[in-house]
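6 protein chains.
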Amino acid sequence: MIRLTRRYGFSASHRLHSQQLDETANRQIYGKCNNPFGHGHNYVVEVSVKGRVDPETGLAVELSALDNLVKRIVIEPFDHRNLNEEVSEFGSLVPTTENLAVVIDQRLRAAWPAGFPRLEKIRIAETERNIFEVNG
Amino acid sequence: MIRLTRRYGFSASHRLHSQQLDETANRQIYGKCNNPFGHGHNYVVEVSVKGRVDPETGLAVELSALDNLVKRIVIEPFDHRNLNEEVSEFGSLVPTTENLAVVIDQRLRAAWPAGFPRLEKIRIAETERNIFEVNG
Amino acid sequence: MIRLTRRYGFSASHRLHSQQLDETANRQIYGKCNNPFGHGHNYVVEVSVKGRVDPETGLAVELSALDNLVKRIVIEPFDHRNLNEEVSEFGSLVPTTENLAVVIDQRLRAAWPAGFPRLEKIRIAETERNIFEVNG
Amino acid sequence: MIRLTRRYGFSASHRLHSQQLDETANRQIYGKCNNPFGHGHNYVVEVSVKGRVDPETGLAVELSALDNLVKRIVIEPFDHRNLNEEVSEFGSLVPTTENLAVVIDQRLRAAWPAGFPRLEKIRIAETERNIFEVNG
Amino acid sequence: MIRLTRRYGFSASHRLHSQQLDETANRQIYGKCNNPFGHGHNYVVEVSVKGRVDPETGLAVELSALDNLVKRIVIEPFDHRNLNEEVSEFGSLVPTTENLAVVIDQRLRAAWPAGFPRLEKIRIAETERNIFEVNG
Amino acid sequence: MIRLTRRYGFSASHRLHSQQLDETANRQIYGKCNNPFGHGHNYVVEVSVKGRVDPETGLAVELSALDNLVKRIVIEPFDHRNLNEEVSEFGSLVPTTENLAVVIDQRLRAAWPAGFPRLEKIRIAETERNIFEVNG
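Protein chains in written order, with the working numbering: chain A, 27 to 162; chain B, 27 to 162; chain C, 27 to 162; chain D, 27 to 162; chain E, 27 to 162; chain F, 27 to 162.
In isolation and in its complexed conformation, chain A is listed as follows (with noise of 0.2 Å):
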C-alpha cells in the first residue's frame, strides 16, 4: 500500500461573516476578515490518496485521471472567485478554510469514481503558517 500526494492551487476572495451573529460578533470573533470588502489568497490543497502499487504499470492511480477531476471538482469552480458569491455551499456556510477543507472533501468524494485508490486526505493552506486537513 502507497499513499500519493498531489499538490495543487487557486486563488481566491473570501468574506468571514456569519448570519447567525449580529455585528458586533462578525467582527470580534473574525477581526479583520469580516471586512465587508473581502480579501484573498493564494490556496495551496493536497488530495492524498491510498492504493495498491499495480505490478505491471508500477503506478497507484492514474493521474490524468486525479488531476481532471480534482481541476473539474475544485480547481475550475473556486480559481479565481469569490467564495461567498460564487460557490454554492457558502451560500449557507461562512467561507472559513475549515468549511472550505469539508466542501472540497465533499464534493471530491461525491464525485469519486469506483474504480480509483481511497480518498484519504485533504490539506488546504490558506498561507504557510495555517493549515488544515480533514480525513475522510
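A portion of the hints provided could be inaccurate.
The list makes no distinction among identical chains, and a pair is therefore deemed to hold if it is satisfied within one copy or across any two copies.
Taking lysine to aspartate or glutamate and the EDC-like style, the derived pairs with C-alpha atoms no more than 16 Å apart in a straight line are [what the hints assert, rightly or not]:
#, residue 1, residue 2
1, 58, 105
2, 147, 159
3, 97, 72
4, 58, 88
5, 147, 131
6, 147, 115
7, 58, 112
Rather than coming from a laboratory, the hints here were simulated on the basis of the structure.
With chain A fixed as given, assemble chains B, C, D, E and F onto it according to the hints.
Same frame as chain A, now just chains B, C, D, E and F:
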C-alpha cells in the same frame, strides 16, 4: 555599502478591469482575472535599502523604524482589503501587480524619512511564479 | 473533525552536553554540537489541534486564543534565548531537539485550556533537514 | 516516544516503460515519461523513525549512524544514476516513484540494524507537487 | 519601468562529457556527472523582462503571449527529454547548466517578438543550491 | 559572461552588544538581540561569481575548488560556533548580519585565487525575512 532586504506579506482581493476598455477587451486581456466578483492573493513584498554600515552599531538601518514605516504605509492599508474598493489609487488605476508595485514604491518614497538609507528596490510576488520589481 | 496546524518560529542558542557523560563521550556523541561556546538555530514549531467545526462560526479553534497561548508558553520564553541558561528544564535535560519537542509538548499540555480542541501534535524543525514530532 | 525525520536528496534519470505492455499502451499510460531517451528529477527522500528519547543523551537515534546507513543503502547507489540501467530492481520493475518508494523501503528494512529505533515511514517527492509515502 | 519575472520548470536528463577531453580528464572534471548512463534534474527557469506599464491596461507584458513563447521555445523541447540526445545544440556543446542557460537565452532572443518588452535575464537553477544567470 | 551562485549554510550563535555604547543604548538599539546569554540562527550564505564559460568544458568555475574555498574560509570557522567568542573579527566588531556579510566578503577576497572568476556578490540571510548583500 550594504543592501538590506526585508520581507513582508499581505492578503488582498482585486478585480482586473479597465474603465478605458470595453467588456470584450476586458475579458480578452484579463481573462479569469476580470471576474466581476473578484479573487485574491497572498502577496509577498520585499523592500530593499542600500546604505553604509554604522561603525558604532554595525547596522545599516534601524529595523524597527523601517518595519513601522512599511507597516503603516503598505501593510495596514492593503492587508485583508479589496484593492479596487479600499485603496484610493485603484479608483482610477487597474490593480495589476505592476501597478501595485508602482503604488507601493510611490507611497514609500513620499513617506521616506530624510535620515534613512536609500530605498533601492520594491519586489512584489503575486504567486511564487509571478514576480514584479521596481528600482525607484 | 478537522485538524488545524499553526506554524511559529523562534531563534535560540544551545550547547549539547550531558552531565551524565564524561568529556570524551560528550565530544564523541555530540560532535561539533558539543562546542562549549554554543551555537544556534532558527527553530520552526508547528502546533496541531483536532476538533469539530463550530456550525455557527465555521471555526475549529479561536485562533487568537491559540496564538496567545503558544506565544506566552513557548515563543516568549524561548525566542532569542540561550536554551541551556534560560529555560529551566534544560538545567538538567540536554537541549537536544528531541527534548525541546518534549518540553514544548509538556508546557503546552500543562497550560491547555479546558474548552480548547485536543492538542494532537507538536512538530519542531531544527533545520529543514532535521524534524521531530511528538504525538502527545 | 518521538518521531524523527531526516531529509536527503539525489538526482537521477529514468524512463517509464513496462515490458508487460505493448508500445501503444506504454505511450498511453506513461505519456512523455515513456520517452525512450529518458528524463530526470531531483528526488527528495525523507526517512522517519520512531523511538524513545535516551534519558542520558537526549537523543532518539544516533544521527551519524542513520545518515551513514541511508547514504550507503540509498544515496550512493541512486544519486547521479540512471535508475533503469544501474539499480538492479529496475531490471524488472518500472521505475515509477511508487516503485522507487517501495524499493527504498525494502532496501532500508533489509539493512536496518537491530538496535535502531523503528523505521516508520519513507517519503519521496519526485517534484514538490508529486509525493509518495510508504508506511512499512 | 518595471521588471517582470515568470517562473517555469522542466525535468530532463543529461551527461556531462566533453568530446575535446580524454576519458581521464572527463572523469576528473565532471566526477559523477560524467556517468555514461546519465542522470537528471528538475530545472527551474526564470525569464525576466523589463518594460513600461501600459497606462490603459496596467500591464508590462501580455502574459499569455510570453508563456506561449517560453513553452514553445524552451519547455516543450526540453521537458522530459535527454538533453544530450534530443536538444540539437548539445550535439557539440556539453550540457552543463552554464551552457543550458546560454542556449535558452539564445533561443529566446532569436524568437523574441518585435513588440515585446526587453528580455533582461535568464535564471536557471539545477538544484536550489546551484543557480546560473545570463544577462543577455 | 555568466553568473553562478552557490548556496551554503551554517548555524551559529551571537549577541549584539557594542562596547562603544552604554547598557541603556545597547538594550534600546538591539532589543532582545542584546540578551547577554546570546541566541542563534541558521544562516544561509550565497556566493556569486561572474565569468566566461570555458568552451572546452562548458564550465564557468571549477565547482569543487569554489566549494573547498568557501568551506575552508567561511563554513568551517563559522558553523556551530559562537561568533562573538570564536570569530576573531567580532572581538571588536558587533556581529550584526551586516558585519557578518562584510567579514565573509573580506575573508573570501583575501583568499581568492588568481585564476578564479570574479567574486561578484555575497548574500546572507539571517532568516528568510532578513537578507543582506555586499557587492564587493
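Cross-check of the supplied hints:
| no. | hint | in the structure |
| --- | --- | --- |
| 1 | 58 to 105 | between (22 Å within a copy, 9 Å between copies) |
| 2 | 147 to 159 | both (7 Å within a copy, 13 Å between copies) |
| 3 | 97 to 72 | within (12 Å within a copy, 26 Å between copies) |
| 4 | 58 to 88 | between (42 Å within a copy, 14 Å between copies) |
| 5 | 147 to 131 | within (8 Å within a copy, 22 Å between copies) |
| 6 | 147 to 115 | neither (20 Å within a copy, 31 Å between copies) |
| 7 | 58 to 112 | between (21 Å within a copy, 13 Å between copies) |
Taken one by one, the earlier hints fail for this structure only at number 6.
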